[in-house]
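Enquirer: One-letter residues, chain by chain:
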Amino acid sequence: MAEATELAVAAGDQDPRVGLRAVSALRRLLEQLEAVQVRNARARGWSWQEIAAELGVSRQAVHKKHGGSR
Amino acid sequence: MIAERFTRQARQAVREAVREAERRDADRIEPEDLLLAVLDTPVLAEFGLARAEVEAAFERARRKGGLSDADTEALRGLGIDVDQVVDSVEAALGEGALARRPRRGRALFGLPFDAAAKQALARCLVEAKDLGHRTLDREHLVLALLSGRGLVAEVLAGLGVDYTEVRRRVVAAPR
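Sequence lines, in order, name chains A and B.
Numbering follows this note's numbering, in which position 66 of the first sequence is assigned residue number 66; successive positions increment by one, without gaps.
Here this note's numbering = 1-based position in the second sequence + 1000.
Chain A on its own, in the form it takes in the complex (with noise of 0.2 Å):
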């Protein structure tokens, strides 16, 4: 019984659809935490240099994509 269900979830893992909806899940959530871990750098008074450096992207990069309200 449990190698059943064991055998059903090694299979399931093997379909692409499982896989490929994990990573897009995962994207989605990592640019929302950006998002939030930026506007609390920014809310925390730190300046586009800093936070860039933290994530390891441009200054011009992380304020193209996180600048444009402010």
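Since the hints were made in silico from the structure, they are not lab data.
All C-beta atoms, glycine included, are put in the ideal place defined by N, C-alpha and C.
Incorrect hints may appear among the rest.
What follows is a set of in silico ranges between Cβ atoms, one per label pair, in the way DEER data are often shown [claimed, not checked]:
1) B:Glu1046 / A:Glu50: 51 to 57 Å
2) A:Gln14 / B:Ala1045: 26 to 32 Å
3) A:Pro16 / B:Arg1060: 23 to 29 Å
4) A:Arg27 / B:Gly1048: 32 to 38 Å
5) A:Ala35 / B:Gln1084: 17 to 23 Å
Facing chain B, from chain A, some residues (calculated, C-beta under 8 Å) [said to hold, decoys possible]:
6) Gln14
7) Pro16
8) Val18
9) Arg21
10) Leu26
11) Arg28
12) Leu29
13) Gln32
14) Val36
15) Ala41
Fit chain B to the supplied structure of chain A, relying on the hints for placement.
Expert: Coordinates of chain B only, in the frame set by chain A:
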């Protein structure tokens, strides 16, 4: 112009969607707002969906940064507990931190439709055409919303409503 082919009721529904977005203090109109605006459309009302239940499902997803229950399940498969992520972020940055940012001040020209909502409005035309209907009514909007792969289709599928079944009923309904 597509807008001229919308029936009075369909236009009213779109205006209602704007009010839905305003009520939740959003910065844009999303497909979820459109869905709530057409929940009373006969073809959808037949399913007897509870508005509160639908709203709660959307709210739950918003709190998780827009992730549906199926997304949450998929991430659990990777070993990521989204609820725990949300709890951590909210503990540090306040309740609803992962939900989209509320709008600041009043929009000058009214709230914009987000990309997915625009796509749904455009999709109405395709749905009407496929059915051989000459006007764009609320049921076309319902079909347009269900044909997408987003949160609306997913939440409704969870409540037993899917595109195929709704379309079957639209075809069968006298017009």
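Enquirer: Against this structure, judge whether each hint is valid.
Expert: Against the structure, the hints come out as follows:
1. B:Glu1046 / A:Glu50: 51 to 57 Å: holds (56 Å)
2. A:Gln14 / B:Ala1045: 26 to 32 Å: Given a distance of about 41 Å, which is not inside 26 to 32 Å, the answer is violated.
3. A:Pro16 / B:Arg1060: 23 to 29 Å: Hint holds: Cβ distance 27 Å, inside 23 to 29 Å.
4. A:Arg27 / B:Gly1048: 32 to 38 Å: Cβ of A:Arg27 to Cβ of B:Gly1048: about 36 Å, so the range 32 to 38 Å holds.
5. A:Ala35 / B:Gln1084: 17 to 23 Å: holds (19 Å)
6. Gln14: Status violated, d = 12 Å.
7. Pro16: A:Pro16 check fails; min Cβ-Cβ to chain B is 12 Å, beyond 8 Å.
8. Val18: With a closest approach of 6 Å, the A:Val18 hint holds.
9. Arg21: Holds. Min distance 4 Å.
10. Leu26: holds (6 Å)
11. Arg28: holds (6 Å)
12. Leu29: holds (6 Å)
13. Gln32: holds (3 Å)
14. Val36: holds (5 Å)
15. Ala41: Violated, about 11 Å.
Hint compliance for this structure: hints 2, 6, 7, 15 are not met, and every other hint is.
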